[in-house]
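With these hints in hand, go ahead and build the complete structure from the sequences.
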Amino acid sequence: MIQKLLSLDRRWIFLIIAVVVFVPAILKIPVPVSTISNSTQQLYDTIEGFEPGEVVMISLDYGPSSMAELQPQLTALLHHCFAKDLRVIGINWAVFDSVLLGQNEFDRVARLHGKTYGPDYCYLGYKPGGLPNLLDMGKDISSVYPKDVHNKSLTDIPMMKAIKNYDHISLVVDLASVGSPPFWINYVYGRFQQTLALGVTGVMISELYPALDAGQIVGILPGLLGAAEYEYLIQDANYTMEGGDGATGMGIQSFLHVALILIIVFCNIAFFIDRRNRSNIA
Amino acid sequence: MKRQIPIILCSLLGFCLVVRYFIPHRLSQDFESTVNDWVRILAVFAFVIGLGSLIRVHLRRIAMKVSHWQYSIVVFVGLLLMPLAALVDFVKTPNQLASLPANLTSKLQNGPLSATVRQALTEGGLSLPPVVTVESVGKRWKIQEQRQQFATDASSEIITQLDQGKIDTILRQKFSVRDLQLPESIEVTVQSKGRRWLLESGALWYLLTHQKQILTVSRDTTAAYIVGPNPVRSGDLPVYASRKFSKQGSSVNWLFLNVYVPLDATMFSLLAFFIASAAYRAFRARTMDATLLLLAGVILMFANAPLLANQFWHSIFGGLNFLPDAFPTLVKDWILQVPGMAARRAIQIGLALGAISQSLRILLGIDRAWMGE
Amino acid sequence: MKYRLITLLLGIFLSMTSWAIEPPTEVRAVDVPSDDGSEGIQITWNPAIGSTAYRILRREAFSADEPTEIGEIPADQAEHLKDGRLRYIDQTTQIKTAYVYQVATSTDDSDDVTATSEETAIVKAVGNLFHRKKSWILVFIVTFTALTLVFIQLARSGRKMFIRNISALDAVEESVGRATEMGRPIFFIPGLQGLDSPATIAAINIFESVASEAIQDQTRMVAPSFDPIVMNVMQSSLKEVCTAAGRPDMYSEDDVFFVNDRQFAYVAAVDGMIARDKPATVFLQGYFYAESLILAEVAHSIGAIQIAGTSSDTQLPFFIAACDYTLIGEELFAAGAYIKKDALQLGTLKAQDLVKLLLFGLMVLGGFLVVLDINWILNLFSTTL
Amino acid sequence: MATLGTLIGIALTLCVFSFLYKDNPFYTFAEHLFVGLAAGYSIIVQIEDGFIGTIWQRLELSIHQGKTTEMMIILVAICTGLLFFTQFIPDVSWLVRIPFAITIGYGAGFAIPYTVEQDIFKHVYSTIRFNETQSSLKDNITDLLNQGESTADLQLQFKDSGLVLTPKAEIKTLKASRKWEIRDRLQFTINDSQVNQDKLNQKEMPDGLKLAFAKAGFELSPTTKIKIWKHDHRWQITDNRTFDLRRLNGKLVLDEQWVYTVKREMKPKETQVEVLNVYVDFFHRGGWQVFNMCLIFVGVICTLTYFFFSVEHRGVVGGISKVGVIFIMVGFGAAFGNTVMGRVSLLIGRVTFLIKAIPSLFGG
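Protein chains in written order, with this note's numbering: chain A, 1 to 282; chain B, 1 to 373; chain C, 1 to 385; chain D, 1 to 364.
Bear in mind the hints are in silico, worked out from the structure with no lab data behind them. Mixed in with the good hints there might be a few duds.
With a straight-line Cα cutoff of 25 Å, these simulated BS3-like cross-link-like pairs (lysine-lysine) come out [what the hints assert, rightly or not]:
{"#": "1", "chain 1": "C", "residue 1": "K133", "chain 2": "C", "residue 2": "K160"}
{"#": "2", "chain 1": "B", "residue 1": "K174", "chain 2": "D", "residue 2": "K67"}
{"#": "3", "chain 1": "A", "residue 1": "K147", "chain 2": "A", "residue 2": "K127"}
{"#": "4", "chain 1": "B", "residue 1": "K166", "chain 2": "A", "residue 2": "K164"}
{"#": "5", "chain 1": "B", "residue 1": "K2", "chain 2": "C", "residue 2": "K340"}
{"#": "6", "chain 1": "D", "residue 1": "K22", "chain 2": "A", "residue 2": "K4"}
{"#": "7", "chain 1": "B", "residue 1": "K65", "chain 2": "C", "residue 2": "K278"}
{"#": "8", "chain 1": "A", "residue 1": "K147", "chain 2": "B", "residue 2": "K2"}
{"#": "9", "chain 1": "D", "residue 1": "K122", "chain 2": "C", "residue 2": "K133"}
{"#": "10", "chain 1": "A", "residue 1": "K139", "chain 2": "B", "residue 2": "K166"}
{"#": "11", "chain 1": "C", "residue 1": "K96", "chain 2": "D", "residue 2": "K67"}
{"#": "12", "chain 1": "B", "residue 1": "K166", "chain 2": "A", "residue 2": "K152"}
{"#": "13", "chain 1": "C", "residue 1": "K124", "chain 2": "C", "residue 2": "K96"}
{"#": "14", "chain 1": "A", "residue 1": "K147", "chain 2": "A", "residue 2": "K161"}
{"#": "15", "chain 1": "B", "residue 1": "K166", "chain 2": "A", "residue 2": "K161"}
{"#": "16", "chain 1": "D", "residue 1": "K22", "chain 2": "C", "residue 2": "K278"}
Dropping the structure here:
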């Protein structure tokens with residue numbers, strides 16, 4: 001029996017994982033957040049403090065593979081921005097793959113808040129060129145993005161008439177699963193003193209706290225936890241009725257961690273019992 | 001000689017690059033970018049070799065009818081699918097630029113573009129370069145723009161203006177003198193890249209390069225249009241931009257999002273299962289070391305699961321006020337940032353030393369494994 | 001007589017104005033160091049009493065035209081150097097153009113009484129040939145190279161080099177033997193970086209040594225590769241190995257082949273091969289990314305021995321957890337020399353250790369001094385360029 | 001078309017997952033399709049960015065701009081590239097080593113200086129940098145500091161740089177005014193009557209509390225927030241710094257103590273501007289921080305020892321490297337545990353895709 005548990009076929013573990021992930025995902029079991037981590041609170045407060053009409057730029061620097069973690073963050077942010085009547089610009093600075101993801105989400109959330117493309121928000125998409133693009137946007141956004149994703153010239157987009165460069169943008173949020181944050185921090189904050197916030201995958205978070213302490217960024221959303229916390233905050237303030245994927249995702253994450261820990265604990269118990277039996281025999 | 005030449009070349013290039021690092025002078029920067037381009041170009045040819053190998057292997061499997069040879073056919077299907085899609089996008093003519101009254105076809109013959117057609121096109125909202133020639137390609141006409149280039153002395157004003165993304169009036173004159181039309185500055189976007197600027201407006205591009213106080217103005221892209229063969233219902237002739245073989249076409253994109261991404265993401269997501277099975281095997285308190293691995297791992301997992309780190313923790317230990325708030329997270333960060341950090345740094349320092357030593361072995365020519373020795 | 005009077009009055013007037021405000025003294029202009037010339041020219045001067053702002057004047061040397069103002073800077077905003085002098089950096093210079101500068105005072109009061117300094121010596125903004133802030137890095141590299149050369153010589157002269165045993169590598173022979181018994185191939189996966197990464201070279205070294213053992217036992221080596229150039233190199237080295245072992249028939253171009261240059265397509269294919277061909281041993285050497293664990297686990301699932309090593313510190317934990325044997329950190333770079341028992345290369349390991357010892361000492365001493373608030377060793381390592 | 005896409009997406013996702021059970025035709029199919037597709041994609045990329053972008057356009061440009069040197073460089077590069085194909089010609093097959101040599105020389109040449117800078121110097125620096133800057137003050141408050149007492153404007157200056165200075169702070173001038181030591185403590189207790197707990201829970205700043213802070217000589221800024229932890233009796237008051245209030249037998253207690261050392265020195269950058277850096281002195285830092293720094297230091301030293309090749313790991317060396325192994329193992333365990341989260345979210349991504357996509361097929 002003990003022996004069986006120790007040399008358990010991997011597929012049983014796969015099965016456990018699958019169950020632990022699928023069941024909550026289908027039943028949408030959310031895990032309420034109890035405390036809000038400072039980094040999230042700070043970002044929320046920053047946006048909360050904005051006047052209607054101020055501009056937030058969100059850069060989606062993540063591919064489909066990390067969509068699960070960052071898309072809920074995007075949704076929550078958009079809800080907050082639109083509810084506060086802020087104007088939003090969407091770009092993909094580093095990653096090409098997520099243009100469609102971002103675009104659709106922008107349109108969806110905007111519809112919920114009765115916002116229209118052009119005056120209230122716009123989506124500029126991806127332009128190859130890397131770092132120079134970041135710097136050029138400090139001079140003139142339209143030098144990097146002459147046209148938006150709908151191939152519409154920026155001069156024809158009402159909100160962009162007033163927005164030339166970072167000076168006219170109150171906050172830039174970089175949602176990143178790739179190595180983009182250092183560039184935003186070093187160049188966009190460093191050179192243009194642009195107010196900056198990040199949303200990153202859970203793995204990246206601990207490397208970026210220093211930037212928060214150094215005051216280079218006003219807040220970080222840590223992975224799904226961050227998304228869940230932000231959802232909690234905006235729902236608490238009645239900015240949206242929509243239950244986000246963040247809470248569910250975080251739930252799944254929790255359950256899977258629990259399952260994993262239990263597996264490890266049991267197998268160690270078994271391991272010790274087994275060892276004692278052996279020593280008794282010997 | 002079959003050995004020496006490559007080794008000498010390798011060491012020479014290597015040491016030059018090491019020295020380059022210490023020289024801020026522009027020449028050394030140019031050298032670096034040159035080498036970069038060189039290697040980038042090499043990579044392109046290398047890919048051909050790789051592709052050859054891939055095709056060879058699967059052709060052979062099919063030929064030899066080895067086990068699973070049928071699947072090699074699938075490989076070729078996939079292999080052709082993407083380029084075909086790109087071709088489809090290429091053939092499907094992109095968005096129409098302007099339209100030309102059908103009756104003007106008579107005006108289209110080889111040679112310079114007739115004034116009437118030009119007028120019609122400009123009215124159609126198309127900004128044409130000053131000098132264009134028409135060339136009939138089967139049932140189509142290609143409006144090819146003649147390349148222009150002129151050099152002029154650059155005053156520092158012009159340069160500063162360009163750097164600010166504006167166009168100096170003097171520069172504007174210099175264009176008009178050579179009757180190159182340069183629209184009002186609002187319509188011209190200036191992209192500055194180091195000592196090069198790109199003036200762009202509609203279908204017009206000018207590349208400005210600045211060297212030795214001389215500003216070279218040149219058109220580095222040809223604006224080629226093709227007047228379509230089949231008149232659309234309105235009887236007008238649609239005018240299309242010249243086409244490009246690209247990965248951003250709609251069909252390629254469709255394939256990418258619906259076939260490539262699912263495969264890629266799912267492959268990646270298998271990690272969730274494997275990390276579990278690996279943990280199950282590795283995290284057993286066999287030895288002292290394994291126990292440490294186990295403990296650190298479990299603590300981190302605990303802290304990373306909000307359900308455990310918040311709800312569970314508070315319900316059990318919430319009463320213990322002497323503990324700082326969010327204790328699990330603190331412990332997690334401590335492990336990552338103190339012992340974890342220490343180990344990581346040391347390993348990275350070690351790895352760096354190893355890598356340098358390895359590189360030196362190569363540059364000094366005592367490690368010749370790469371030559372197959 | 002009349003003229004004298006006028007000149008006298010004029011003289012007095014002039015002297016009064018100049019007495020009213022002194023011009024900045026000791027104006028010096030020098031090229032900004034450690035740049036490619038684009039950083040421009042820095043002008044320094046002694047502040048003038050009573051001046052609220054300074055105007056920087058410039059003209060091209062060897063030209064008759066008047067100096068033009070290139071910038072004005074309020075006295076309190078100007079950079080104060082520690083010797084009390086003020087500094088302004090002119091970044092609007094053209095490379096290799098000769099300039100002369102003047103600094104003029106200016107005051108708020110409407111009657112704009114200004115005093116202009118003497119002209120500086122002629123100065124050009126030029127690209128520099130050495131980056132001063134990098135000198136210690138240079139010293140480090142030179143030392144490392146020198147030590148390496150020394151130990152290569154020592155090795156040539158037949159000095160024995162002791163190298164501690166690397167447990168993971170003692171398993172190589174056993175694993176090859178196992179493959180021979182089971183009559184199954186050995187998979188060698190050279191990582192997901194190109195030939196330009198030292199880790200890959202290290203991997204190729206290991207490949208060579210493993211291959212030479214395997215070929216002698218007539219065991220097949222299969223190396224699916226991610227990078228075409230790496231594939232080429234491994235092909236040629238395998239060919240060499242086979243001929244050296246007198247078994248050219250053992251070499252087949254289909255054993256070392258290119259799979260794909262997209263991460264997960266490569267992983268998918270390699271997983272499939274491992275699952276179908278059931279190799280007895282799988283070597284994972286080189287630089288790996290997230291896929292490391294997938295490969296290791298799949299290899300384990302078919303009961304193969306996995307011998308791993310990577311220079312990616314983020315992937316090491318997974319190899320440690322999932323693989324039977326793992327080269328930790330820089331052991332990867334030592335492995336080739338270790339298996340081949342190549343005297344010269346072992347020598348370089350010695351040099352590497354010596355440098356390590358040096359760093360070791362500097363850290364201990366430096367740390368101690370820093371606590372005593374003596375920071376010069378610390379500053380040697382400062383990379384803020 | 002969209003439905004077809006979703007259908008394909010679902011099918012392929014399931015095919016790949018099926019590999020978890022065992023290798024099977026479905027997976028093998030997906031695998032080979034993937035390989036082909038990816039290669040095909042690379043072909044497009046190579047044609048567009050490689051042949052056209054990297055080679056042809058630049059060659060063309062250099063030609064019609066008459067930049068002969070640039071042109072020659074590109075041509076030479078192309079020739080070396082063509083040398084790859086000599087491997088199929090037995091007599092000159094050795095020429096293929098030339099592109100190898102270039103690639104390797106390139107790699108090694110770049111690796112050496114940058115690894116020294118990034119991986120060695122940077123890490124050593126941050127390991128022995130025990131005196132970290134906390135914040136920096138303006139240069140012109142030196143005379144304020146020299147007065148040796150915490151005046152209102154001195155407090156203001158400190159507040160601007162995110163530090164706290166109460167009137168009670170003692171300022172000592174050390175080493176001929178190049179260094180100052182400031183010992184300060186913010187401590188007070190409030191009996192509950194002053195602070196209405198409901199107010200605290202309403203996230204408002206109660207006047208009583210404001211008063212108490214004012215008495216202690218610390219003006220809370222209007223932006224002050226109160227954060228409440230779920231388990232009661234604890235509040236956190238966030239200003240430009242954070243105070244932790246706790247309830248101790250019916251009284252609110254707050255006790256913060258810190259020691260600054262202000263030092264004049266040059267900025268590390270080449271600009272020689274003089275700044276005043278505020279250090280939390282090594283010995284006056286919380287003992288905890290000291291401990292951590294030493295621990296990191298020891299950890300790095302020991303782990304490095306483990307990597308010595310030329311000595312047998314016995315005796316002292318063996319002992320030290322054993323400690324090193326401990327650090328390595330803890331570090332690895334932590335890294336492993338910390339990554340689970342990220343990997344899981346990948347899986348969640350696919351699962352949510354399936355859950356959203358499958359109903360959509362049936363118009364759900």
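Note to self: To test your reading of the hints: which numbers does this structure violate?
What the structure shows: 1 and 8
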